[in-house]
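Quick mapping for you: the protein sequence lines, in order, are chains G and X. Residue numbers for the first sequence follow the working numbering, so the first one is 2 and each next one is one higher. Residue numbers for the second sequence follow the working numbering, so the first one is 4 and each next one is one higher.
For the record, the hints were derived by calculation from the structure and aren't laboratory data. Warning: the hint list may mix true and false statements.
If you anchor each label on the Cβ, the simulated ranges turn out as follows [unchecked claim]:
#1 28(G) to 57(X): 39 to 45 Å
#2 114(X) to 52(G): 28 to 34 Å
#3 42(G) to 31(X): 23 to 29 Å
#4 65(X) to 95(G): 30 to 36 Å
#5 8(X) to 84(G): 36 to 42 Å
#6 112(G) to 77(X): 30 to 36 Å
#7 114(X) to 98(G): 43 to 49 Å
#8 112(G) to 57(X): 42 to 48 Å
#9 79(X) to 79(G): 41 to 47 Å
#10 63(G) to 47(X): 22 to 28 Å
#11 8(G) to 8(X): 17 to 23 Å
#12 3(G) to 100(X): 17 to 23 Å
Note that beta-carbon positions come from the ideal geometry of N, C-alpha and C, so glycine has one too.
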Amino acid sequence: GENVEQHPSTLSVQEGDSAVIKCTYSDSASNYFPWYKQELGKGPQLIIDIRSNVGEKKDQRIAVTLNKTAKHFSLHITETQPEDSAVYFCAASSHLGDKIIFGKGTRLHILP
Amino acid sequence: DARVTQTPRDKVTEMGQEVTMRCQPILGHNTVFWYRQTMMQGLELLAYFRNRAPLDDSGMPKDRFSAEMPDATLATLKIQPSEPRDSAVYFCASAVGGEQYFGPGTRLTVT
């Protein structure tokens, strides 16, 4: 079955700097890659996703890249702000709307 | 704005007791997922349904866990008997052919 590896597990960046979180997946059939943000005491919330026919997608300060050959995908957050502090999860699925397999999460700390 | 709701939000129970968690998916969403989150294991998929039919429950300990959808507006996850290792946050998520929307979770503590 699918396996998603995520790193780092913890990341601290100065406010205003960029943060990058990287994931790898094992199943070459995976074609949908969502990213979720989880704040303390809340459920995960989808922040951006990318499908396998696209190499990069951007939404304001957030961007995702996908390298299908290497089975890598990454989340980039630019101009980080205090409200970006949270746990971020990458995930992969072989079919939109089907089950998704999550990485272990990255706890992002934005330092003042 | 449409949200997934879960009850109870917190549950403390003694080992051996039955626990039932409930989820109301977003109206019109035909796929419902149950996840368990712990520090050690992260987010694990327990089971999911489409159009109320179970599609995959391979992540669920069959001897004590059961999941059902009595109707399109209610999904339940039951643990009987509960054990301390079941302590976790249980999330329900719903979707309709696309992104999953998570509820706020039920924090279960089994003593």
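Problem - Assessment of proposed distance window 42 to 48 Å (beta carbons of residue 112(G), residue 57(X)) - result: holds (45 Å)
Exercise for the section: Return holds or violated for the Cβ distance of residue 63(G) and residue 47(X) against the range 22 to 28 Å. Expected result: About 26 Å separates the Cβ atoms of residue 63(G) and residue 47(X), which means 22 to 28 Å holds.
Exercise for the section: Starting from the range 30 to 36 Å, see whether the pair residue 65(X) and residue 95(G) falls in it by beta-carbon distance. Expected result: violated (24 Å)
Exercise for the section: Determine whether the Cβ-Cβ distance between residue 112(G) and residue 77(X) falls within the hinted range of 30 to 36 Å. Expected result: Once the Cβ atoms are compared, 44 Å apart, the range 30 to 36 Å for residue 77(X) and residue 112(G) is violated.
Practice task
Go ahead and decide if the range 23 to 29 Å is satisfied by the Cβ distance of residue 42(G) to residue 31(X).
Solution key: About 27 Å separates the Cβ atoms of residue 42(G) and residue 31(X), which means 23 to 29 Å holds.
Problem - Cβ distance range 36 to 42 Å for residue 8(X) and residue 84(G), holds or violated - result: violated (25 Å)
Practice task
Starting from the range 43 to 49 Å, see whether the pair residue 114(X) and residue 98(G) falls in it by beta-carbon distance.
Solution key: At 38 Å between Cβs, range violated.
Exercise for the section: Can you let me know if the beta-carbon spacing of residue 28(G) and residue 57(X) is within 39 to 45 Å? Expected result: violated (22 Å)
Handout entry: Range hint compliance [Cβ, residue 79(X) to residue 79(G), 41 to 47 Å]
Key = Between residue 79(X) and residue 79(G), where Cβ atoms are some 43 Å apart, the hint holds.
Practice task
Starting from the range 17 to 23 Å, see whether the pair residue 8(G) and residue 8(X) falls in it by beta-carbon distance.
Solution key: Violated, since residue 8(G) and residue 8(X) (Cβ atoms, about 34 Å apart) do not stay within the stated range.
Practice task
Return holds or violated for the Cβ distance of residue 3(G) and residue 100(X) against the range 17 to 23 Å.
Solution key: holds (20 Å)
Practice task
Could you see if the CB distance from residue 114(X) to residue 52(G) stays within 28 to 34 Å?
Solution key: violated (45 Å)
Going down the numbered hints, you'll see the structure goes against 1, 2, 4, 5, 6, 7, 11, while the others check out.
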